[in-house]
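2 protein chains.
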Amino acid sequence: MDNLKGNMLIAQGGGPTAVINQSLAGAVLKAKEYENIENIYGSLNGVNGIINERLVDLSRETSNNLEMIAETPSSALLSTRDKPGKEYCRKIFEVLKAHNIRFFFYIGGNDSSDTLRIVEEFACGENYDIRAVHIPKTVDNDLVLNDHTPGYPSAARFVAEAFSGLDLDNRSLPGVYIAVVMGRHAGFLTAASSMASKCSQDGPHLIYLPERAFSTGNFIRDVKKVYNEYGRCVVAVSEGIQDEKGTPIAAKLADEVEKDAHGNIQLSGCGSLGDTLKGFIKNNTDIGRVRADTFGYLQRSFGVCTSEVDKSEAREVGEMAVYYAVGENKTGSVTINRVGDYAVEYNLVKLDRIAAKTKVMSDEFINNDGNYVTGKFKDYIRPLLGSSFKGSGARLRAYEVEPALRKKDE
Amino acid sequence: MDNLKGNMLIAQGGGPTAVINQSLAGAVLKAKEYENIENIYGSLNGVNGIINERLVDLSRETSNNLEMIAETPSSALLSTRDKPGKEYCRKIFEVLKAHNIRFFFYIGGNDSSDTLRIVEEFACGENYDIRAVHIPKTVDNDLVLNDHTPGYPSAARFVAEAFSGLDLDNRSLPGVYIAVVMGRHAGFLTAASSMASKCSQDGPHLIYLPERAFSTGNFIRDVKKVYNEYGRCVVAVSEGIQDEKGTPIAAKLADEVEKDAHGNIQLSGCGSLGDTLKGFIKNNTDIGRVRADTFGYLQRSFGVCTSEVDKSEAREVGEMAVYYAVGENKTGSVTINRVGDYAVEYNLVKLDRIAAKTKVMSDEFINNDGNYVTGKFKDYIRPLLGSSFKGSGARLRAYEVEPALRKKDE
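Top line first, the protein sequences correspond to chains A and C.
Quick note: the first sequence uses numbering that gives the first Met the number 0, first residue 0, plus one each step.
Quick note: the second sequence uses numbering that gives the first Met the number 0, first residue 0, plus one each step.
Extracted from the complex, chain A is given alone in its bound form (with noise of 0.2 Å):
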């Protein structure tokens, strides 16, 4: 037991990030610092790749590539949307028995520690001895038991530097704009928009998230209440936004609803949520310039704004995660607390503590009306985003000249 030697397997499943191959490149070459494995093995496509035995040599990737993957966006064993039932997780250790995986690793979010879980449970029932330790990822920023996870600063920082040019697009060209974020049931990435805001008068000036009803008589009086303010009003709101009774605004306006294998309803990749928020702008306020756009997966995919504290901690959950299995010869979910402001550390959870739960804003987070997030989030979200976060730029101080024309006609 002390022992358990043998080789190792990591993949990569669900939404890319743009730093989930720091865990990647972490976690393999943690792994060459261990006897007890033997052969690095990575599967394409996820849990698919193993089920298809689509398995490639990582020990043989030179470090450097695997420095040079580790700073390339997206997921470099490609990923998969399938979510592994009993039957998918049967195979799954059919393969892994039979390439002597004793240290498997997945990369991904709640569904992946819970496949992780089945496994588990299958190879306990042959008495075959495996460690299986989830590495945590996702940008939507939903697990239970850990302060942030690694992939969301990142998407966090695309998201407040994107608000921050357009907000300034905004003021140079008034009107209402308005712009749809990733964030199903969790809106922590659509709250990174707040961060594009110095000044007083600098938008976001509103922030629809999933934790709230959406009402859309609520939204126009609101928008209405901004732009007779400003002369203009920018907008960001969570693709998951949901109505009173919990139905996603977005599965009201799909005449087909796609589903995933999981059996969420299709968000990203679309722009009707966006186009019909505008509607309703356009058709209830007299308002001339309205403007949508939807982020879609630049979110998740640009490289060139990552957070270097984001970078650093993806790279360290990847490493404590063989660190757990080898080092400590345990199974679980790494997880991420922070401890004093700002610093984090690393400890292992049960896998069926993080499966199939999720975490969204909490109330301190979010102001009273139900439309901005309060100063709580900007002091939980502000380390993450790194230093180098630019955010929004200066302005000119604008000093008045005195009319020479108007004067004389008035």
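Mixed in with the good hints there might be a few duds.
Here are the simulated BS3-like cross-link-like pairs (lysine-lysine), alpha carbons at most 27 Å apart as the crow flies [claimed, not checked]:
#1 A/K310 with C/K389
#2 A/K358 with A/K329
#3 A/K389 with C/K389
#4 A/K310 with A/K349
#5 C/K281 with A/K251
#6 A/K281 with C/K251
#7 A/K358 with A/K85
#8 C/K377 with A/K251
#9 A/K197 with C/K310
#10 C/K251 with C/K281
#11 C/K358 with C/K377
#12 C/K82 with C/K96
#13 A/K389 with C/K310
#14 C/K223 with C/K281
#15 A/K358 with A/K244
#16 A/K281 with C/K82
#17 C/K356 with C/K90
#18 C/K197 with C/K223
#19 A/K281 with A/K4
#20 A/K82 with C/K281
#21 C/K251 with C/K82
#22 A/K329 with A/K90
#23 A/K223 with A/K377
#24 A/K224 with A/K375
#25 A/K329 with A/K4
#26 A/K197 with A/K310
#27 A/K310 with C/K197
#28 C/K85 with C/K358
#29 C/K4 with C/K31
#30 C/K4 with C/K197
Think of the hints as simulated: they come from the structure by calculation, not from any bench.
Once you have looked at the hints, place chain C on chain A.
For chain C alone, kept in the frame of chain A given last:
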């Protein structure tokens, strides 16, 4: 005549860019070198601020703030979509005269050049001595007599960086991915997506430009072909794509076509074109995963990955404009011309040579099938993106592991 002396006015018009304030800072700081220039004024919201006498005193801005503003995207003096006719231009001239403006600079596209031309005619008619210089800017890259236009390289770089990440995302979760890129008549910005492709299988695999008639049948056929070959397909589409009669595809979709003051159909700020193209593929193939994003206003406002070449050229056209007006006592439009590989020189051309004309991509930049760019286009754009352009990143070498179960079973 040689000692024309008085105040200077500068304004910014049309769609902002990520580097438009470099031109502003360049012109204002250069103007401080000349004794002929007394006060340096800026107009808020372009020509609209002139006729309403909303002027600010830029002489009083600190150099430090001007330098910070240079690094800030979007028009610091705010912008306008007003396209002045004769009467509007007469009003502009009245305000210029009232404030003893002798040097007038407008940072904008070809419309701005036309405005300067008309204003100068009024000045001539009244024997009022003025120098008017147009400072070029446009993300569309559609000004004639220019090798390229400030603002384009940074927007192009955003598009290229975006497609680099998005292609990796599509590689990890395969399907058809379509992104709609800005560009009404000229496909330069959409064509920049080609720079995301490093390896032979990299996307974008198809690029559709306004310069070639868009046929739905060919589009579906092209996508199917790529998908059959690679199991996935990434497509870049210009928002301005037109059918063989020259009707924009977007115009055919819109229930209620919105037009701006220039009579142009509203293309950006909605997701309908992307959603329609997605529908063409969903309804005419059996491909399961089809996603469409519209880049929207991010392309011109994202301040994080500007091209350093673009920044320095935007700065220089601002400086050169002041030099031509004051140092050489001339009126006209500053142009950028490529000399060698890669350097540029600046020239001044008559205002009416730029006004109301549109440059589109030359035939040698587009492939025979009209669905991709040529190597010549890549040679053209490569130096514009700047040496720090990051692009597509690293891949695993992915050494195959011998299957254990599959071999036995098969």
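Each hint, compared with the structure:
no.	hint	result
1	A/K310 with C/K389	holds, 17 Å
2	A/K358 with A/K329	holds, 25 Å
3	A/K389 with C/K389	holds, 18 Å
4	A/K310 with A/K349	holds, 25 Å
5	C/K281 with A/K251	holds, 20 Å
6	A/K281 with C/K251	holds, 20 Å
7	A/K358 with A/K85	holds, 25 Å
8	C/K377 with A/K251	violated, 44 Å
9	A/K197 with C/K310	holds, 24 Å
10	C/K251 with C/K281	holds, 19 Å
11	C/K358 with C/K377	holds, 18 Å
12	C/K82 with C/K96	holds, 21 Å
13	A/K389 with C/K310	holds, 17 Å
14	C/K223 with C/K281	holds, 11 Å
15	A/K358 with A/K244	holds, 19 Å
16	A/K281 with C/K82	holds, 24 Å
17	C/K356 with C/K90	holds, 25 Å
18	C/K197 with C/K223	holds, 22 Å
19	A/K281 with A/K4	violated, 65 Å
20	A/K82 with C/K281	holds, 23 Å
21	C/K251 with C/K82	holds, 25 Å
22	A/K329 with A/K90	holds, 23 Å
23	A/K223 with A/K377	holds, 25 Å
24	A/K224 with A/K375	holds, 25 Å
25	A/K329 with A/K4	holds, 13 Å
26	A/K197 with A/K310	holds, 25 Å
27	A/K310 with C/K197	holds, 24 Å
28	C/K85 with C/K358	holds, 25 Å
29	C/K4 with C/K31	holds, 13 Å
30	C/K4 with C/K197	violated, 54 Å
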